[in-house]
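Undergrad: Protein sequences, first through last, are from chains E and W. Residue numbering for the first sequence is 1 to 287, as defined by the working numbering. Residue numbering for the second sequence is 1001 to 1432, as defined by the working numbering.
Watch out, some of these pointers could steer you wrong.
[Claimed, not checked] A few chain E residues facing chain W, derived, Cβ under 10 Å:
no.: 1; residue: Ile38
no.: 2; residue: Met88
no.: 3; residue: Pro93
no.: 4; residue: Ile94
no.: 5; residue: Asp114
no.: 6; residue: Pro115
no.: 7; residue: Leu118
no.: 8; residue: Gly123
no.: 9; residue: Pro129
no.: 10; residue: Pro133
no.: 11; residue: Lys134
no.: 12; residue: Gly143
no.: 13; residue: Ile146
no.: 14; residue: His147
no.: 15; residue: Ala197
no.: 16; residue: Val200
[To be verified] List time: in silico DSS-like cross-link candidates among lysine-lysine, alpha-carbon distance up to 27 Å:
no.: 17; chain 1: W; residue 1: Lys1310; chain 2: E; residue 2: Lys134
no.: 18; chain 1: E; residue 1: Lys52; chain 2: W; residue 2: Lys1245
no.: 19; chain 1: W; residue 1: Lys1245; chain 2: E; residue 2: Lys98
no.: 20; chain 1: W; residue 1: Lys1310; chain 2: E; residue 2: Lys128
These aren't lab readings, by the way, just hints derived from the structure by calculation. Since the structure is predicted, the reported quantities are computational estimates derived from the model, not experimental observations. Just so it is clear, CB atoms sit at the ideal spot from N, CA and C, and this is done for glycine as well.
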Amino acid sequence: MRFNLFRQLDGAESGGTAATSPLLAPPHAAHQEPTGPIKIQTRDVSVFYGDKQALFDVSVDIPDKAVTAFIGPSGCGKSSFLRCLNRMNDTIPIARVKGSIRMDGEDIYDKALDPVLLRARVGMVFQKPNPFPKSIFENVAYGPRIHGLTENKTELADRVEQSLKRAGLWAEVADRLDAAATGLSGGQQQRLVIARAIAVEPEVILMDEPCSALDPIATAKIEELMDELREEYCLVIVTHSMAQAARVSQRTAFFHMGELVEFDDTETIFQNPRDKRTLDYITGRFG
Amino acid sequence: MTDATLTRAGASGRSTAQLRKSLKRRHARERRFKLYGVLAIAIAIGFLALLLGRIIEQGHTAFWTHTVQTEVYLDPARIDPAYPEGTNFDQLVAEQQLARLGVQDDEAMSASRDMRQLMSAGVAFEMQRLVRENPEVIGDRITVTLPIGADADLYYKGELDGEGEEQFRRLNDRQILWLDQMRDQGRIQGQFNTGLFTRSDSTQPELAGVLGAVVGSALMLLVTASLALPIGVGAAIYLEEFAPKGRITDIIEVNINNLAAVPSIVYGLLGLAVFINWMHLPRSSPLVGGLVLALMALPTVIIATRSALKAVPPSIREAALAMGASRTQAVFHHVLPLAMPGVMTGSIIAMAHALGETAPLLLIGMVSFVPGVPEAVTSPSSALPVLVFIWENASERAFHERTAAAIMVLLVFMIIMNAAAIYLRRRFERRW
Ligand SMILES: Nc1ncnc2c1ncn2[C@@H]1O[C@H](COP(=O)(O)OP(=O)(O)OP(=O)(O)O)[C@@H](O)[C@H]1O
Ligand SMILES: [Mg+2]
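Put together the whole structure using the sequences plus the hints.
TA: Below, the structure written as structure tokens:
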């Protein structure tokens, strides 16, 4: 399965030798593009669930205006780390986070910082699309409403329209904004929750396996969207698809058993990984 | 690939017979289970039908009553227009009834006494009212329609007859003869028993109605609902969504579950001790009844609300929190609306239980005889289930059909509540 994928990406037939040769040709020119300044800086971040440590001393610098991908085998702590970045781990009673995470130089675990405010600045998209069981309009309008971002109804409607347009969903739902969001297809729902996230104009958008429940066409749409959003936002995605990481991200972090093994330019990770474990993983030897 | 397919085919070829056999067994098991299910439902429906059939069979006659049309000469010699209460109208009417049947009263006035017994105790009240409102009719010969007594009513309904030893019967031979004669004269009319719904409890079965108890039950339910619902739902929301999970919440949870299983009479004792003896709230009032029932309903409401909240997918909570909603916003904007159908169902079940609860009300004195309609939550009152209890224990036969009728009223009350619950649930569900 995985070999097929790589072969396809490689455009070569030599699947058997793929393990030792450079795996992926850069899919497009995106990798050469420069990234923005450092947006999020983490130092020695550890996550504990009760007595069990799930993440060990992770230090990364996540750039702005770029897509950073987290890859690694299941259970290695990608989601745990991602959830540190908007303090969603706070909502798990047994979870504990150690270390420092700074966004624009500001400690987001500072006692004085309100996680509610942080989450308005750091949006999140989950693996399973989770629209509110309300209308399409209400879903997108919810964020601006609770944060008081718009003055009146027309402004709100404007913002909803803009967000849906940016998420590439407007054409499909323009005539049924009052319909139930749960009636949309999985891919549409995922774009809806992206629209919902960008409606509050966050600075960072975290996406935890946003395409794992979607078909290739819907996935392609979301990937296109990520590529566009990258112009303005700091995007962090978790993915199990090496191809996706290679296609959309500029930086890639490889996690293994709660440790950050390697963090580098996506190109470097896929073509010239320093660590044996990274190589093994991206060539499909384990995970 | 081809190899794999072949092996699989080979393997399945060997085991097909086995598979068939086990499949047959599985299907048989499924059929058996379905049969059990149908049987269980059939038994449940059978018992329900039996229960309802029995109640309806016993109680339907209570919705029907008889009146007698009679001519009355309002003898000015016996009626003081300024003081109609001073006239013995029962006797007056009975004497004239006898005269119409051509019966001579004896010296002991035993005939008129027998005749009085056939008439309702309400005759006197109605005649007094008539005379007070229209004093000019005194001296006239007027035709009035008067209620008949409970035993006579039962006789016309075919529930009492002339069989058995006369001295052990509720109606003697003479009375039965008169009743037959009155019917033959075409003066007896059957009609819907509106009095059952417009009157309150009475010592006379033909005058007894459920109004006071219905109002009492409604007031009590109002008190119960306005206390148990907000407190119960609030407590459940706090416990489920806000309280730190730990030892204390565990202990609270266990205790709430225990409280839900405490016999209701214990709540009655508690109510007696706390609300009446200590707080000196008025005894047998809907207020105290409602308070006791609220205590009783609280655990049910809390448990139902908690499980409804638990059933809301955590992804909704996460979605709201990740959007930057505060915990309170996440709960009140998203979780609670989704849990609302479950909350409603649980609350209505708790209220329906409270409505039918009898034992604790007996302890707080609601069993006393209350002939009027309660005006406020603090005035003495009866309640429907208690009325059923009181009437069932009454000695007059005529109360027994009324017991069944009161049960029917109680059931209708509950059906209305449940229908409202279903309607509300639909409405909340329609908002996705
Ligand atoms: N809420 C939780 N309570 C207890 N342990 C948890 C919790 N969430 C995650 N863990 C543990 O933390 C470790 C890392 O989990 P995490 O979800 O971060 O992995 P992941 O890399 O996202 O995996 P996947 O790719 O399967 O999503 C796992 O061992 C998991 O069992
Ligand atoms: Mg994960």
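Undergrad: Is the shortest C-beta separation between E/Pro129 and chain W less than 10 Å?
TA: For E/Pro129, the interface hint holds, since the closest Cβ of chain W sits about 9 Å away, which is under 10 Å.
Undergrad: Is the shortest C-beta separation between E/His147 and chain W less than 10 Å?
TA: E/His147 check passes; min Cβ-Cβ to chain W is 6 Å, inside 10 Å.
Undergrad: E/Ala197 was flagged as interface toward chain W. Is the shortest Cβ-Cβ separation under 10 Å?
TA: Given a least distance of 7 Å, the restraint on E/Ala197 holds.
Undergrad: Let's test the interface hint: is any C-beta of chain W closer than 10 Å to that of E/Met88?
TA: holds, 6 Å
Undergrad: So if I understand the rule, the pair passes when the alpha-carbon distance is 27 Å or less; does W/Lys1310 with E/Lys134 pass?
TA: Roughly 19 Å separates the two Cα atoms, so the pair holds.
Undergrad: Would the hint on E/Leu118 stand, with a C-beta cut-off of 10 Å toward chain W?
TA: holds, 8 Å
Undergrad: Going by Cβ atoms only, is E/Gly143 closer than 10 Å to chain W?
TA: Hint holds; E/Gly143 Cβ to chain W Cβ min 5 Å, cut 10 Å.
Undergrad: Under 10 Å, Cβ to Cβ, is where E/Pro93 needs to be relative to chain W, so tell me if that hint holds or is violated.
TA: holds, 6 Å
Undergrad: So, E/Asp114 near chain W? Judge it on the closest CB pair being under 10 Å.
TA: Since the shortest Cβ distance to chain W is 9 Å, the answer is holds.
Undergrad: Holds or violated: is the Cβ of E/Ile146 closer than 10 Å to a Cβ in chain W?
TA: Since chain W brings a Cβ to about 6 Å from E/Ile146, closer than 10 Å, the hint holds.
Undergrad: Checking hints one by one. Is E/Ile94 an interface residue toward chain W, by the C-beta closer than 10 Å rule?
TA: With a minimum Cβ separation of about 9 Å from chain W (threshold 10 Å), the hint on E/Ile94 holds.
Undergrad: Given a cut of 10 Å on the nearest C-beta pair, is the interface hint for E/Val200 held or broken against chain W?
TA: With a minimum Cβ separation of about 7 Å from chain W (threshold 10 Å), the hint on E/Val200 holds.
Comparing the model with each earlier hint shows a violation of hint 1 alone; every other hint is respected.
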